[in-house]
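> This is what each chain is made of:
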Amino acid sequence: MSTVPKHSWSSAMAPAQRQAWFNLVIISLALGTVLVLTPALGFRRAQGGLGLVGLLGLAPVLFRKRAGKVFMDERDVLIQSRAWAVAYALFWVVFIAVCVSAPFTFGAGGAVPVEWIQSSVWYGFILVWGTSSVATLAQYWWGASHAAE
Amino acid sequence: MPPSKQPGPLTNQIRRMRFEHGEMTQQDLADRIGVTRQTIIALESGKYTPSLLLAFKLARAFGVGIEVLFQYAEESKPE
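Chains as they are written, first to last, in the working numbering: chain A, 14 to 162; chain B, 13 to 91.
Keep in mind the hints are simulated off the structure, nothing from the lab.
Ideal Cβ positions, reconstructed from N, Cα and C, are used throughout, including at glycine.
Just so you know, not all the hints are guaranteed correct.
Which residues of chain B face chain A? A partial, calculated answer using Cβ under 8 Å [what the hints assert, rightly or not]:
hint : residue
1    : A42
2    : G46
3    : V47
4    : T48
5    : Q50
6    : T51
7    : A54
8    : Y60
9    : S63
10   : V80
Pair ranges (Cβ atoms, derived) [said to hold, decoys possible]:
hint : chain 1 : residue 1 : chain 2 : residue 2 : range
11   : B       : P21       : A       : F104      : 32 to 42 Å
12   : B       : F68       : A       : F104      : 46 to 56 Å
13   : A       : M85       : B       : E79       : 25 to 35 Å
14   : A       : K82       : B       : E35       : 57 to 67 Å
15   : B       : D43       : A       : F76       : 11 to 21 Å
16   : B       : D43       : A       : W97       : 22 to 32 Å
17   : A       : C112      : B       : R44       : 50 to 60 Å
18   : A       : G81       : B       : S57       : 21 to 31 Å
19   : A       : G81       : B       : E35       : 20 to 30 Å
20   : A       : P126      : B       : P21       : 50 to 60 Å
21   : A       : M85       : B       : P21       : 20 to 30 Å
22   : A       : L54       : B       : R44       : 54 to 64 Å
23   : A       : G137      : B       : A85       : 42 to 52 Å
24   : B       : D43       : A       : V127      : 48 to 58 Å
Construct the complete structure from the given sequences, taking the supplied hints into account.
Following this line, the structure appears as structure tokens:
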């Protein structure tokens, strides 16, 4: 229809959608780097690839509010809040599952390697941000959101 | 033009109103009421039910009452 202008790939998405894709690309890049480096460097040293997650810090610069453009409206805020709720809920489920299952893996009097604890911070961060991003994209795809319930 | 196909009891005439108001684009309407174009798309396709505040803004943008733009279909109750 003539009244519907052509939109570029980026403008066809809300800013929060673009940021969610950016997050997933960075997380995939970091995890991919760890996977590729592990055979050559070993598990512990390959964890350095997780440092790429720091690129997520560029998001506020890349996806900042532009003059005269709506950055986030009530639907975006709703989608974001639900996405974070899903992410934190999953984090707690995984956290509890890991803690409860630890004695079965290491034994009741066993010791958890310190480097695993250090890495768990990064993986927890990735889990929360990754889940939040996936939940954000899922809501934009399937919609079915209501301002008030 | 029939009202937007909506899964819930709330239907709207946003698409029809846009065409009746000089074939206003989704982006024009979005800019006018301060939302993203994606929200207008979601509203028209029935994927999003707006807040009361946004519903009023939409109605004002077209210069009509809120009940002209939105219709609530009573759900049939089992006897």
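> Please flag the earlier hints that this structure goes against, numbers listed from lowest up.
Violated hints: 10, 12, 14; rest satisfied.
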